[in-house]
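Engineer: Work the whole structure out from these sequences, hints included.
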Amino acid sequence: MSTKKVLLSANEAVARGAAQAGCIVASAYPGTPSTEILENIAKFKDTVKCEWAVNEKVAMETAIGASMAGARSLTAMKHVGLNVAMDPLMTFTYVGATGGMVVVTADDPGMHSSQNEQDNRNIAKFARAPMFEPSDSQEAYDMVQAAFETSEKYRVPCFLRLTTRTSHSSSLVDLGEFHPAPHPVIPYVKDITHTIPVPAFARGQRLAAQKREQEMARAASHSKFNRIEPGKKQVGIITSGVAYQYVKEVFPEFTILKLGWTNPFPAELVKKFAKTVRHVLVVEELDPFIESQVRALGIKVQSHKTELNMLELNPDRLQNLRHELLKDVPKAKPTKPDPSLPTRPPVLCAGCGHRGVFYVLHKLGATVTGDIGCYTLGAFPPLNAMDSTICMGASIGNAAGMRKAGLKGRICAVLGDSTFFHSGLTGILSAHYNGTPVTTVVLDNRITAMTGHQDNPGTGKTLAGDPAPVTEIAAVAKAMGYKKVATVSADDLGELEKVLKDALDGDEGAVIIAYAPCRIAAKLTKEGLCAVDEKKCKACGACFKMGCPAMTRGKEAAPGRFQMKIDPSLCAGCKQCQQVCKFGAITRVR
Amino acid sequence: MKTVNVSLVGVGGQGILLTANLLADAAALSGLDVKKSEIHGMAQRGGSVISSVRFGDEVHSPIIPEGQSDVLVAFDRLEGLRWQGFLAKGGKVLMNNVDLVPVTVSSGLQQPVTDFEARLAKAFPDVILVDAAKIADEVGNARTMNMVIAGALSALVPFEESKWIEAMERMLTGPKAKLLPVNKEAFARGRKVVLG
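Chains as they are written, first to last, in my numbering: chain A, 1 to 590; chain B, 1 to 196.
Check each hint, because a few of them may be wrong.
PhoX-like cross-link-like pairs, simulated, lysine-lysine; straight-line CA separation at most 20 Å [said to hold, decoys possible]: (1) B/Lys-163 x A/Lys-43; (2) B/Lys-163 x A/Lys-5; (3) A/Lys-4 x B/Lys-89; (4) A/Lys-523 x B/Lys-89; (5) B/Lys-89 x A/Lys-333; (6) B/Lys-89 x A/Lys-331; (7) A/Lys-336 x B/Lys-122; (8) A/Lys-336 x B/Lys-89.
These are computed hints drawn from the structure, not numbers from a lab.
Structural biologist: Structure (structure tokens):
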């Protein structure tokens, strides 16, 4: 093995591959598991202009603009991010790329960090765009470069499909002669027959897309990324992505058709392969994307009872498949941890400003439409203060719909600052325009926290680390015409309750900014320290309803009733708990 | 070399991912094929964290098959108990002598394990226990706890100590280079726990 190889995650490898391919513009919105791609591209900011767009649609449109102007461009997003960016994508595949354009979709089989599990290979097919599926970091590095070439050759944006396991696994990569430098820009020529798809032009482009799809399918059959690995011919296994690695682990002796370029489907190669083996077995993660296309060719595919088409694959699930089909291995042992052990779920951090807002909303008995961020944790005990979470920005439209449907009582939309910039602007505007009295609370912690602290239009900094103008959410709401706009410290429970009660019980729309910087991002985790006075604590348990990880059970004052004790190593000194104690037992000691 | 599997488990914020990086780098510097895998969705918020490192002549799956970890490194005793199923027959267990009480227990939502010691003794009869936090305090930097564990782990995997040091030197560069001496000391103290 060459010592020149470096250990990289697929996300890191994609960033290096893009820089090496001469990518000039990269735009994305953070989303697990894709976030590190742009963070790593930012290391090459001398050659790649990189940015956090406010959402995936703008990111896609920016990459499209760069491609139309002749530059190589890249956009990256998690699987659900692509839903947001579908509109520009579906038309740009008609218009066609000039500079090579790569769309990285990072899917999340098993939903480690997502609200659904969608197989975006279907979207590549839907969009008639070519797609590569790497199985490790080396392939991610090689394929992203091939994707730029392919995009330019066929004049169409090219997909690179990662999954959580490839994005967040590291393996050795030979970077070759690594010299990141901008790829020459193709001179811009105005040609509206290509770039304005009015019906008269679009119909021609529709036909061209069809022809191009057929050409690419032929090319895929001869691609170096689609290869046959010889072995026993009793079973021939067709596989792609990280599933290939599990096949190598569990079915090492059999012939494999390893697909890396999976859309348009390399039918010619698959037909050839099927003729050389006795049984064809397809092993792929999530939907039967390959399998249904193999069957459509009239090829008999080995059926089985082992469920493989949902949740993340792993070697154990393939071992169960082998057990069923070949009966030469035992069933894999179940992987479940001992259910009698106490769980350790993620919790809002000690001193998190979201906690007080949910505490108050729970107290006010509000129906809370939630959103995507750390604050989704407010739904769980002991806060129990969220009713729904659908997608980025949905909280506001959901609250408006509930109000219009006649749902009684207090209804509150809650979302974070980055989510507000992403998809909340249109929501509050629509509610205001239609006169729907929605109260929107923006949990303004001045960072995109859950994905690992990325900057946004409220932070005053760009991805490249340069200073940026700060957009104030209160000013935006006022400019839209909202009269009831207030900014409250999220750590001040009394004021929060007063302002929220007033907004929720009023008959006009309101935008409340609950401000408290994320203590981890702002390095404020040791700002102060609170302690409990044992003489004053009546063990009433009111503070435990806040669910702060710094609170632990102290002395048992009466059977089953415990005093509260603060863990000084975790307390951030936010003083929220002090405000819920009726007996003045909690004081700030530092 | 047959593939060696190391699982590292613990709580977000304990330096597990950094330790896994060091192990993977040291294996790569030893000329081995390596795969490292981790799931760190919301781990920063005090959740359970798992990282896997596999190395050998050729490694395919980044995920370690169930019950095939040659070494289980538990940064917290409850997490070690939780993921005991990872361990292969005859595998080694390295355990940080630390109990981080989960918020589910400290807040009274769930009950603590009453027969904790007995369960540990049953699950891991041959455990190597390391007082990593105490040792880290002794060397003068509580944040080197994970380096103490890395040092202990280095005595359980088949490559040279010098590769670990080289990996550490590659990791701590620039302004972090001044932390090298204390980290090296923490590493050496951890290694001594196993080798004596």
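Engineer: If any of the earlier hints don't hold here, list their numbers in rising order.
Structural biologist: 1, 3, 4
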